[in-house]
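Trainee: In case you want the letters, here they are:
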Amino acid sequence: MATTARLTGRFAVAGMLGAMGRRSAQERADGRLGLLLAAPAILTILLIAVIPLAGTIWDSLFRLSLRFENAPRPFIGLENYWSALSDDAWYNALQITGLVAGVSVTVELVLGMIIALLVNRSFRGRGIVRASVLVPWALTTVVSAKMWSWIYDGRYGVANDLLMRLHLIDTPIIFLVRPEVTIWAMVAAEIWKTTPFMALLLLAGLQLIPQELYEATALDGASPWQTFWRVTLPILKPTILVALLFRTIDAVRMFDLPRVLTNGGPGKSTETVVLYTYNTMFTSLNFGYGSTLAVMTFLIVMFVSFIFIKVLGAPTQGARR
Amino acid sequence: MTAPAGTVSARALPTSEATRRARARMLEGIGFYTFVVGFVVFCLAPFIWTFLTSLKGPTTIYDVPIRYLPTPPDLVNYLEIFGLERFRWALLNSVIVASSATAISLLIGALCAYAIARLDFPGKNILLALVLAIAMFPGIAIIGPLFRQFSAWGLTNNYLALILPNVTFTLPICIWTLTAFFSELPIEVEESARVDGCTRMQAFYKIVMPLAAPGVFTAAILLFIQAWNEFLFARTFMSQPNRLTATVAIAQFEGADMAAQYPWGQITAASIVITLPLVVLVLLFQRRIISGLTAGAVKG
Chain A
1 MATTARLTGR FAVAGMLGAM GRRSAQERAD GRLGLLLAAP AILTILLIAV IPLAGTIWDS
61 LFRLSLRFEN APRPFIGLEN YWSALSDDAW YNALQITGLV AGVSVTVELV LGMIIALLVN
121 RSFRGRGIVR ASVLVPWALT TVVSAKMWSW IYDGRYGVAN DLLMRLHLID TPIIFLVRPE
181 VTIWAMVAAE IWKTTPFMAL LLLAGLQLIP QELYEATALD GASPWQTFWR VTLPILKPTI
241 LVALLFRTID AVRMFDLPRV LTNGGPGKST ETVVLYTYNT MFTSLNFGYG STLAVMTFLI
301 VMFVSFIFIK VLGAPTQGAR R
Chain B
1 MTAPAGTVSA RALPTSEATR RARARMLEGI GFYTFVVGFV VFCLAPFIWT FLTSLKGPTT
61 IYDVPIRYLP TPPDLVNYLE IFGLERFRWA LLNSVIVASS ATAISLLIGA LCAYAIARLD
121 FPGKNILLAL VLAIAMFPGI AIIGPLFRQF SAWGLTNNYL ALILPNVTFT LPICIWTLTA
181 FFSELPIEVE ESARVDGCTR MQAFYKIVMP LAAPGVFTAA ILLFIQAWNE FLFARTFMSQ
241 PNRLTATVAI AQFEGADMAA QYPWGQITAA SIVITLPLVV LVLLFQRRII SGLTAGAVKG
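Read top to bottom, the protein sequences are chains A and B. Letter 199 of the first sequence, counting from 1, is numbered 199 in this note's numbering, and no numbers are missing. Letter 238 of the second sequence, counting from 1, is numbered 238 in this note's numbering, and no numbers are missing.
This is chain A alone, in the form it adopts within the complex (with noise of 0.2 Å):
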């Protein structure tokens, strides 16, 4: 924090000098050097990703498909973007992505803050852990979705041997046959990736408010209840925030986890907007309105980040996964 007092207090001064006039020989050439030491991260960035960027919204203009070599690709305007609105499949994508990025945002929030809650104390085997959070954050996700459908399987999986030892069941659930459980037992998968992640972002938010603040709260009879919802909740809100952003929009791009655990299926009733998006294009090989659903993605994407943004505030600087 401190370090960002300095930087700002730094640019206001270059900033006032800058109004002031000249700008000595020394800023000119450190202007210079900025430009010239930023110039390759601002070239890949040009390169791999804002060009591509137009060019799909370029292809999505077109009927374009892969299927055959030299097809005609006619120019058709907004057509696709027509299309999309009224594409059930894409209607069925997009309430699915949002019903899942909903529910696992909000229960990690819950879940992580619960858990950072408690943890936030010194106690012997702290670092076991910390060790043992950063394992479902730094698993490869689609070795994740491996493990889940053999846990999940219907006749040898854990998971409905422990439900049956535990009496909770009778008959085994045969869970990736099903839509209406599928759905839950994905959301389960994703829950348990990254919640363990927001307890630790939370809890290093939480480790920055001075114990002070609780003596003084405590002092003037405030229940553990109001001081959870007037001191730690509003001081934890940009974290909250910052939090929120990333693991949303991590949500709105879920590909691999649906790709791998259930393509998708059974039926669509697991298919989110990427990977409707992508089997689009390089399953049905029809690259004009693929990139269609891949700008509205991008776009969503951008709504998403404008309302945590502008809207609710988080701050952004620096932020991070």
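Quick caveat, the hints were computed from the structure, so don't treat them as lab data. The beta-carbon is built from N, C-alpha and C at its ideal position, and this holds for glycine as well. Careful, some of the hints might be misleading.
Unchecked claim - Partial list, derived from the structure: chain A residues whose beta carbon lies under 7 Å from chain B:
1) Ala41
2) Ala204
3) Ser305
Given chain A, put chain B in place with the hints provided.
Mentor: Here is chain B on its own, set in the frame of chain A:
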């Protein structure tokens, strides 16, 4: 002499109060550690179950009811997957792609981060916004043109086709981590080096880089994990069996004997092998990883 009853009870009262408090504290401690153990089990259980499965031979793995412990442990699954040429290639491909992407991203990112931390240059705010946008960017929005371009240039099944997107998508974390580190280094060190006749660039690689080595190392771990786990581009740009990365290989795993039952033994063994580098990194560098990951988010 009769001791006044009051005195006795007055003495006894604090003692019983103390024991009650001690008991309450102990109960709280037990409750707390039960929770902690439960949480650790929650985090590790799927991984441990996968590990146990990977040690079971083909006969015990499909036992019903389930046998939890592999008795005796059997390494046959590990021997089988390492016997597969495709799997050995997949590991090598992942190592090549992830480490090249990490190295390039660090190089590009370090220069950019230094400029952001220390220099005032035109378009800096636009750059920061661009970096943030890349952190949230859906890969699906660029995969089509990249795929067509790479195909046209004959770059599919070429490491470069994976290294380039991985560099791009690891840049935000690289730049953020390193900017935070550079900003925290005392600027006086650089200034005195320049007074002594160093140019800014000399000060950068002679003074700043060595001091920022821990930050560079932290960034390297984070970038490597991200690149190692990448799936979308790897699945799309690589199709030859010997060019797949580990994530794609495991997603498409068919096992040594394609006619056999779905080879869970081999899949779980492959899962463990693929995850092992990550788990080792996590265990060795947990403090660094956590400080690198959380610093930006909580500083706001």
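Trainee: For a quick check of understanding: which of the numbered hints are violated here, in increasing order?
Mentor: none
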